[in-house]
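Trainee: Each chain is listed here by its residues.
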Amino acid sequence: MSSPISAAARAADVWKVYGSGEAQVIALRGVSLEIERGKFTAIMGPSGSGKSTLMHCLAGLDSVTRGQVIIGDTVVTGLGDSGLTKLRREKVGFIFQQFNLLPTLTAEENILLPLAIAGRKPDQEWYQTVIQTVGLSDRLKHRPTELSGGQQQRVACARALAARPEVIFADEPTGNLDSRSGADILNFLRRSVTEYGQTIVMVTHDANAASYADRVVFLADGQIVDELTDPSADAVLDRIKRLDLSVQAAAE
Amino acid sequence: MIKASLRGLLHRKLRLTLAIVAIVLSVGFLSAITVLNDTLNKRFSGLFQTLNENVAVQVQAKEVSTGETPRLTAAQLQQLSNVDGVNGTSGDVSDEAVVPFKKDGNEVTAQGFVGVGASGDDPLGLISLREGTWPKTASEVALSANTAKLAGVKRGEIIKVFVSQVGEPKPYTVSGIVEFSGGRDSLAGESLVIFELGHAQEMFYGQKDVFAGASFSADSGVSQEELKKRITAALPSGFEAKTGDEVTEEQSNQLAGQFDFIKIILNTFAYVAAFVGIFLIYNTFNIVVAQRSRELALLRAMGASWGQVTGAVILEALIVGVVGSTLGLAAGIGAGMWGESALTGALGAEIKSAGVVVSPAAIITAYVIGILVTLIAAFVPAIKASLVPPLAAMREIARPDKSLKGLSITGAALAVPGVGIALLGLYASFTGSIFVMGFGLVLALIGLMLLSPLLARPVVRVVGMAVAWGQAGKLGVRNSLRNPRRTAVTAIALMIGVTLIGAAATVVSSFKHSLQADIGKYDVAIMIVGPNYAPPNGKTGFEASALDKVEALPGVTGAEPWWLTIESSIAGQPIPVVATDVAAAQKMWKLETVGGALRTLSAGEFVSDHNTAKSLNWKVGDSVKVRVGTTERDYKLVGIYKATPSVSGPVFGLPAVDDFEGKLAYQGFVTVAPGTDVAATVAATEKIMAGYPGVTVGDMSTFLKQFNQIFDFLLLAVTILLGMALLIAVLGILNTLLLSIVERTREMGLVRAIGLSRGGVVRMIGVESILISVFGALLGLAAGVGIGVLLCQALIEGDFLTEIVLPWGNLAAYVGAAMFFGIVAAIIPAWRAAKLDVLEAIAYE
Ligand SMILES: Nc1ncnc2c1ncn2[C@@H]1O[C@H](COP(=O)(O)OP(=O)(O)O)[C@@H](O)[C@H]1O
Ligand SMILES: [Mg+2]
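Chains as they are written, first to last, in the working numbering: chain S, 1 to 252; chain Y, 1 to 845.
It should be emphasised that the hints constitute simulated quantities derived from the structure, not laboratory data.
Please note that a few of the clues may not be correct.
[To be verified] Pairs of lysine-lysine, DSS-like flavour, derived with a Cα cap of 27 Å:
| id | chain 1 | residue 1 | chain 2 | residue 2 |
| --- | --- | --- | --- | --- |
| 1 | Y | K614 | Y | K587 |
| 2 | Y | K835 | S | K86 |
| 3 | Y | K590 | Y | K521 |
| 4 | Y | K102 | Y | K170 |
| 5 | Y | K208 | Y | K663 |
| 6 | Y | K405 | S | K141 |
Keep in mind the model is a prediction, meaning the values are calculated, not measured.
Taking the hints into account, I'd like the entire structure generated from these sequences.
Mentor: Structure below.
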């Protein structure tokens, strides 16, 4: 598409303030960001820097105090509950750090749940591709309790992908996994971007995880402070060290 | 440990509130009924204290004698009044069922009807003249102020009064108005007519100068006991003396006895409600503790012992139990007070209130039930929680379903023999077989409860197909299946109430249909029934001669009177004595002879239906002791007939009526030739019966309709009384849902994040709620219809019923009502779930 809106999602001067008075916390201070379509974007930063908040605001899970968020051609800011429900059905997919699945449903039912909720028929060919990519063909009839943590996250990935949303948001998807399972998930996310053109935004504080992305955005104290394209793990680590130093310096 | 527990308690306001509400409802209903009972009792016994205020000793005819009821002569009364220590003497000339008529020709409606004879001021000071004079002639009466008000007459006006021994109502002139001590219009809303003494004696006893008994007041310094001793020494034979206190107690007990039946029923329903409450409280604690098992495991991991953890939960339960019981007791006292004012407004407004009575028994019951149930309910889950290895519990939710095998095997091991035992009790005839049947049914019911988690899966699936639409509905079905035990326990609470309603509805429907079918077999077209303001004893109803006039009406082919008294016993059992011309009855009711002969009976003969004969082991030719009023005689069984739903029990001949207190027939049955105008005949019969208070006349369809109304009313009363149990059950569903939602907060967030709308969440919870309630209703209907059918079969064995007819309309309505309750129970939980913030729900710990 050569339309001027090539961004899958956009934040324009987004502010997020929690609480008021003494307890006031400014989590985001005028963040502007474009998420490129068909790209894997990582958001990095130290703990408490506002990564999750930014993702929640981008995904329409949280409201912004000021500024605007757009996903595809939908202005998210100001949407009511039914508008948000429609957005979630049609435009976004989620992968959370844990507890992604409904314990009462099998892996297969979990994967197809967003489509069932939206009342859409799954595209069989695409569905087969997805489950083969995540390597779950022999686990489809299992309940989440019968799956390992890594398998559960793979089901969550397959679910997010099955509906082919505009953007998939993943908040530390590997945070609870051992490094091998984590690598599986990251490889899988990478492949969905490269091979199927899926847009993914991933929050992480792990430099190695961020190295799978096409682009890394660095957040500190609620502001975008830096970014890298096609990063290597070393480059990311290097950048973090520099940022930490500057954050410390700022603090002193 | 204790501090940690208490803090935990206060942090869970929702769960705390739910647990307490559960206890308050259960304890409240029980306390309300106890308080109401005690309060009414005190109020009624207060009534008799007033009545016997100045009575030191009362002389009455002895309980049982053979032959004539003895009377005190005026001379004997004079002698007794001369006994040393007697102050005032009041001869008793009184009768019940003395009914005054209003000016419009209808009889007065009042709480009981009394007629007395008096010659002037009451020597014991209970009654005194308010205006006018005492009756001086046989054509004058004095009325209590209440009677005058009810009849709408004033002094000097004419009032018609019915006296059973006289028959046709006679006109009297009102000579005066009397009042009771303290200036009251009546004691308890009753009607009182005072005749001139000699006239009353002639009417009531057939001769002047005789009395039924007497009351005496004592000189100061003479105790009731002392005076009783002195009077007893001077008594003529056939009489006995009692102290005023003894009489008061006897009378209160007698009245209380009349309320016993209602009390037992109310108490039964209260205990049903409490029993249902057990499930509610148990489930609440079970879920609460299950949800806290992570926290408890953490405590254990930090070194708390098994005992400390269990102790903490028990302590929590104890506090909740005490608070709940206290609030429940308070609510019960409030409801009891309200109930008293509502009830007495209807039946005893005139009786002075004696204040609210909260007996120690009421308080103890409230606390014992409230605390015990809570402790039991908390103990099981507490033990379970403390047995979970700390790490397993901390690893978080999603424990795999526990096997239902043991539970189901136990359930089947109870249910199957239970049904067998019930059937044995039904078909085998030995003494106490009815209890065997009851025992079997209880076993089967417990078995069914234990089996219910196993049944939950298939039933919920099938019902789910009907009520769950869309993905949200399917999720609801899954949710109700994820913990079959929880679903089952919640549903059982509803099941209990529905079981009782279902059984009652089945029996009522079978009764209605059987009666209709049976009545249709006879030529009886019109029925005449005596009044219900007093128990039948021959003093209420109509004169048999009135039926001669009915028989003379065009088209009437027969009119037979039946006499009835319930002041009787047969072979020591409290069985009513019924008398009629057995030969005529045999023809009219097509009675089938089983043994002996069904003919017009002479003195000392009776017939019986085969069931009564069998259960009391009578054979034709046997001699049986029969008491009517105070007279006991031997009767010989000369015939046995086959019982029908319309006619059953022992039947006597006309000579037996001589022993009745009065000679009035209580029922009459009229047959007509084909083509007769029944409505016109009913109207003519009504005219003939107009002078007999409370006698109603109707064609069979009218009476069937009335019977049906009575049955329907009984069913409605049962349903309303079970309403509290149902309310508790609905609260149980609400409770389970609320707690489940707390447990599934994160899942709610998740499904919302992946696109489920608010409406979808509401639907999901609504479906779960409906499934639980419908499952409970279906269990209850299965059990209730089963029990109902068994009871009906037992009644068929006893020839009270001829057929079993299932009340399909009612059953469908109960399922519909269960659905409605399910929806109601879901409102609050669904609303709470729908307003959850998606992000907060996902992050919920
Ligand atoms: N619901 C909330 N209420 C108040 N403060 C919050 C809330 N959520 C996040 N914060 C604060 O906002 C800042 C950013 O948080 P977050 O986005 O979670 O950071 P990160 O994901 O980078 O660790 C932190 O200081 C955090 O304490
Ligand atoms: Mg975070």
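Trainee: Work down the list of hints and note, for each, if the structure agrees.
Mentor: Hints, one by one, checked against the model:
no. : hint            : result
1   : K614/Y x K587/Y : 24 Å, holds
2   : K835/Y x K86/S  : 17 Å, holds
3   : K590/Y x K521/Y : 9 Å, holds
4   : K102/Y x K170/Y : 13 Å, holds
5   : K208/Y x K663/Y : 20 Å, holds
6   : K405/Y x K141/S : 24 Å, holds
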